[in-house]
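Chains as they are written, first to last, in the numbering used here: chain A, 97 to 177; chain B, 3 to 751.
Some clues are possibly wrong.
Between beta-carbon pairs, the in silico distance windows are [to be verified]: (1) B:Lys71 with A:Ser157: 51 to 61 Å; (2) B:Met70 with A:Lys107: 53 to 63 Å; (3) A:Ser157 with B:Ala461: 21 to 31 Å; (4) B:Gly565 with A:Lys115: 48 to 58 Å; (5) B:Ala437 with A:Thr165: 50 to 60 Å; (6) A:Gly124 with B:Gln537: 41 to 51 Å; (7) B:Ser194 with A:Gly112: 29 to 39 Å; (8) B:Glu665 with A:Lys121: 55 to 65 Å; (9) A:Gly124 with B:Arg581: 20 to 30 Å; (10) B:Asp311 with A:Lys115: 30 to 40 Å; (11) B:Met165 with A:Gly124: 28 to 38 Å; (12) A:Gly112 with B:Ile205: 48 to 58 Å.
I should point out that these hints are in silico values taken from the structure, not numbers from a laboratory. Glycine included, C-beta positions come from ideal geometry on N, C-alpha and C.
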Amino acid sequence: MVEVNLWSGLKAFTDGQEKVEIDAKNVGEVLRGLVQAYPGLEPAIEAGVSVAVDGRIVASSLTEPVSETSEVYLIQRLRGG
Amino acid sequence: MAPDGHGTNGFKVVGTRPNRPDGVDKVTGRAKFGADAAAPGMLHAAIVRSPHAHAKILKIDSAKAEAMKGVKAVVTRADFAEGLTGENWNILENVMASDTALYDGHAVAAVAASTPLAARDAAKLIEVEYELLPHVTDVDKAMGSGAPVIRTGAADKSVPEGMHPNVVRYHESGHGDVEKGFAEADLVLEDSFKTEATHQGYIEPHACLAQLGPDGKGEVWCCTQGHFNVQKVCAALVGTDASQLRVTPSEIGGGFGGKTVVFIEPVALALSRKANRPVKLVMSRSEVFRATGPTASTSMDIKIGMTRDGKITAAQGVFRLQGGAFPGAPMEFTAMCAFAPYALENVHQVGYDVMSNRPKQAAYRAPGSPMAAFAVESVVDQLCNELDLDPIEVRLKNASKEGTKASFGPKFDRIGLVETLEAAKAHPHHKAPLAEGQGRGISCGFWFNHGGETAVSLALSEDGTVSLSVGTPDIGGSRASMGQMAAEELGIPYEKIRTTVADTATLGYNEISHGSRVTYASGLATIQAARDTVQKLCARAAAKWGIDEDAVVWEDGCAKPSGPNAGEFEPLPLARIARSMGRTGGPIVGHFEATPEGAGVSFATHIVDAEVDKETGQTKVVRYTVVQDAGKAIHPTYVEGQFQGGAAQGIGWALNEEYIYGEDGRLQNSLFLDYRIPVASDLPMIDTVIVEVPNPGHPYGVRGVGETSICPPLAAIANAVSNAAGVRLKELPMSPPRILAALAAQADG
Numbered sequence: 097m098v099e100v101n102l103w104s105g106l107k108a109f110t111d112g113q114e115k116v117e118i119d120a121k122n123v124g125e126v127l128r129g130l131v132q133a134y135p136g137l138e139p140a141i142e143a144g145v146s147v148a149v150d151g152r153i154v155a156s157s158l159t160e161p162v163s164e165t166s167e168v169y170l171i172q173r174l175r176g177g
Numbered sequence: 003m004a005p006d007g008h009g010t011n012g013f014k015v016v017g018t019r020p021n022r023p024d025g026v027d028k029v030t031g032r033a034k035f036g037a038d039a040a041a042p043g044m045l046h047a048a049i050v051r052s053p054h055a056h057a058k059i060l061k062i063d064s065a066k067a068e069a070m071k072g073v074k075a076v077v078t079r080a081d082f083a084e085g086l087t088g089e090n091w092n093i094l095e096n097v098m099a100s101d102t103a104l105y106d107g108h109a110v111a112a113v114a115a116s117t118p119l120a121a122r123d124a125a126k127l128i129e130v131e132y133e134l135l136p137h138v139t140d141v142d143k144a145m146g147s148g149a150p151v152i153r154t155g156a157a158d159k160s161v162p163e164g165m166h167p168n169v170v171r172y173h174e175s176g177h178g179d180v181e182k183g184f185a186e187a188d189l190v191l192e193d194s195f196k197t198e199a200t201h202q203g204y205i206e207p208h209a210c211l212a213q214l215g216p217d218g219k220g221e222v223w224c225c226t227q228g229h230f231n232v233q234k235v236c237a238a239l240v241g242t243d244a245s246q247l248r249v250t251p252s253e254i255g256g257g258f259g260g261k262t263v264v265f266i267e268p269v270a271l272a273l274s275r276k277a278n279r280p281v282k283l284v285m286s287r288s289e290v291f292r293a294t295g296p297t298a299s300t301s302m303d304i305k306i307g308m309t310r311d312g313k314i315t316a317a318q319g320v321f322r323l324q325g326g327a328f329p330g331a332p333m334e335f336t337a338m339c340a341f342a343p344y345a346l347e348n349v350h351q352v353g354y355d356v357m358s359n360r361p362k363q364a365a366y367r368a369p370g371s372p373m374a375a376f377a378v379e380s381v382v383d384q385l386c387n388e389l390d391l392d393p394i395e396v397r398l399k400n401a402s403k404e405g406t407k408a409s410f411g412p413k414f415d416r417i418g419l420v421e422t423l424e425a426a427k428a429h430p431h432h433k434a435p436l437a438e439g440q441g442r443g444i445s446c447g448f449w450f451n452h453g454g455e456t457a458v459s460l461a462l463s464e465d466g467t468v469s470l471s472v473g474t475p476d477i478g479g480s481r482a483s484m485g486q487m488a489a490e491e492l493g494i495p496y497e498k499i500r501t502t503v504a505d506t507a508t509l510g511y512n513e514i515s516h517g518s519r520v521t522y523a524s525g526l527a528t529i530q531a532a533r534d535t536v537q538k539l540c541a542r543a544a545a546k547w548g549i550d551e552d553a554v555v556w557e558d559g560c561a562k563p564s565g566p567n568a569g570e571f572e573p574l575p576l577a578r579i580a581r582s583m584g585r586t587g588g589p590i591v592g593h594f595e596a597t598p599e600g601a602g603v604s605f606a607t608h609i610v611d612a613e614v615d616k617e618t619g620q621t622k623v624v625r626y627t628v629v630q631d632a633g634k635a636i637h638p639t640y641v642e643g644q645f646q647g648g649a650a651q652g653i654g655w656a657l658n659e660e661y662i663y664g665e666d667g668r669l670q671n672s673l674f675l676d677y678r679i680p681v682a683s684d685l686p687m688i689d690t691v692i693v694e695v696p697n698p699g700h701p702y703g704v705r706g707v708g709e710t711s712i713c714p715p716l717a718a719i720a721n722a723v724s725n726a727a728g729v730r731l732k733e734l735p736m737s738p739p740r741i742l743a744a745l746a747a748q749a750d751g
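With the sequences and hints as input, model every part of the structure.
In structure tokens:
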């Protein structure tokens, strides 16, 4: 299981939890697992999120690997000027 | 991808300063910008825009316009695709209003005619009947009870119950216990700040030439930061297949985020389809101001606690951003960037995205971050002043480093904030004496940077020269830096490579040139495409010599046997292999397609000296130093240019630039005469220091540099002006009337 840290604003959709555990081997599975476990997260994830894995911000790629020891944070999708 | 054998040293071409490949074209007028496009039989278009801030559109009567000589087509919302949802719907609604005009300047109809004058005259003949609705343009008022609702149901599910319907998105993040942290502080300061919307201020207005036939096949030539995005969005908005629409980008006369957005291309396409002729559409300056993306305006509350020796014990911020009549103000970036330079045990940040009757905001260099730095770094400066602490030492004491848990959550990888602070501390500017009436300001700033979808192709010519095709419009000198990276890998002179920004039919999808991604992502793809080419060159040499490919290495632009065991052969230069490639296996083309995900965040520290005339309120920036981590500067002159450009735009944002709305909700300063951007005579020489802390996610260590440079200026200038004036300035721009008002308020006690 991978511990996924959410931004506080998402607590409303995860029974008040800011950290949830998801069975996943890559970023795509993290996102799918989150929606499966907490359907209320779907609009936020569909709107676009990035996933920080061990400090590296993964903006798009669903195939980036994660492991049980990875530090995983959901953050909002990056866009710039 | 980790930095490879090069590290940040040992380069031959990278790090040098060759002439820019587009320089002669630009100084001789040969370069083709958006408005230079032309086609036989082309029509000219004009857009009818709402003169009201908020109004129901009751009727559009185009009969008189259509009867005018030379008029070939009129379009309204009915001429665009139906059934769109999500962001495509928002974009279409902004491109052409449906039943309600949401801001002064909102497009409601468009006309194409045989001359520009005829089109403008015909636009005046299109009669639009409106029913005026109440409007709101201020962020705090738009959130308040009784504010007119811009659009019911626009809010997403993140917004807490009980908020005004104009609050459409909500962000909250942080860690630790801020109340506990404030209790541990010797001094806690709390203050509120506001910033007005500013425009990206690019000199070239939006312009395009579009052609769309009844068969759904079309072409667009336009100035844009992302032609693949133009292709995708236009196809959706006019209802054709993306692959049937070929988009070619022109040279670009500035973008800064404002040309990541589609405004006029779908209108020109819809008119072209109706008239069955090519249609050219060029915005006036007034249209650019009224209807294209300025930044969000903000209202912010900051609270920070500090011990006597300068340790920050807790920090919290509330950031309210209005982004016009559509969701999308970058409040989450404002919140996430706000405290990123500081290693904090207790931090909490909240953001609100608020709609109002203004144009849809667009990204502007590090969207959301400069405003956050203004508010946070102003309070840090106040704390330093009150506790009599050195502002650089305080920032060093609290600085984020590799392994620090960022204010937005994850741990930082290798970062260079401390190195920028140390370089600023060592710079002569830091200790230079100030004259009477002058003040000094320091600020740090942070931006994430980005990778994104990228495709690059590199083809050899028989004469040994190279055509490098990239899909990211050159908004900051990237053709030079791409050429340098290809030259470095191939071992040939920079001048032997021509880099072209290829159209949408030539390469795979490339994300927009945004997020400071181009030198990082297209650069990484260029390096990989060159290495792919080298592999193919080595294979040709191996075949010629009759040895294994593994026994060939590429050095100094030549294939060579890898050692004595590989055999004795004369080195084969690239040009010799290329000369015979048609007879040894065919054309040699290297390519690379990927979504690089190691952009590497970036920090900067700025030092500013400002002089304030307390009688007139006029401010003069007398000295400015930018220190920023570039990871590895491919072309140092361009990196310095990005540093200076960010500082120059920041000076305008801090001191003069603002959107001014009247009581009627109409923009009052939609020309450069009234919207004052800094010109050369307003600016000091801006000194630069390039810090190089390699990004682990790039083969040469590159970090994007285009956006971070605009993060610290608002704060650094505000701190300098406040220290010079002897009163804290809390609202931008710090125009003479605001400075005089602050001085008067201070005198009144």
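Hint by hint, here is what the structure shows:
1. B:Lys71 with A:Ser157: 51 to 61 Å: 56 Å, holds
2. B:Met70 with A:Lys107: 53 to 63 Å: Distance hint for Met70 (chain B), Lys107 (chain A) holds at roughly 60 Å.
3. A:Ser157 with B:Ala461: 21 to 31 Å: Check passed, 27 Å falls within 21 to 31 Å.
4. B:Gly565 with A:Lys115: 48 to 58 Å: 54 Å, holds
5. B:Ala437 with A:Thr165: 50 to 60 Å: Because 57 Å falls inside the window, the suggested range holds.
6. A:Gly124 with B:Gln537: 41 to 51 Å: 30 Å, violated
7. B:Ser194 with A:Gly112: 29 to 39 Å: Taking Cβ atoms as reference, Ser194 (chain B) and Gly112 (chain A) lie about 30 Å apart, which means the hint holds.
8. B:Glu665 with A:Lys121: 55 to 65 Å: About 59 Å separates the Cβ atoms of Glu665 (chain B) and Lys121 (chain A), which means 55 to 65 Å holds.
9. A:Gly124 with B:Arg581: 20 to 30 Å: About 46 Å separates the Cβ atoms of Gly124 (chain A) and Arg581 (chain B), which means 20 to 30 Å is violated.
10. B:Asp311 with A:Lys115: 30 to 40 Å: The hinted range 30 to 40 Å holds for Asp311 (chain B) and Lys115 (chain A), with Cβ atoms some 33 Å apart.
11. B:Met165 with A:Gly124: 28 to 38 Å: 33 Å, holds
12. A:Gly112 with B:Ile205: 48 to 58 Å: 51 Å, holds
This entry does not satisfy hints 6 and 9, going by the numbered hints stated previously.
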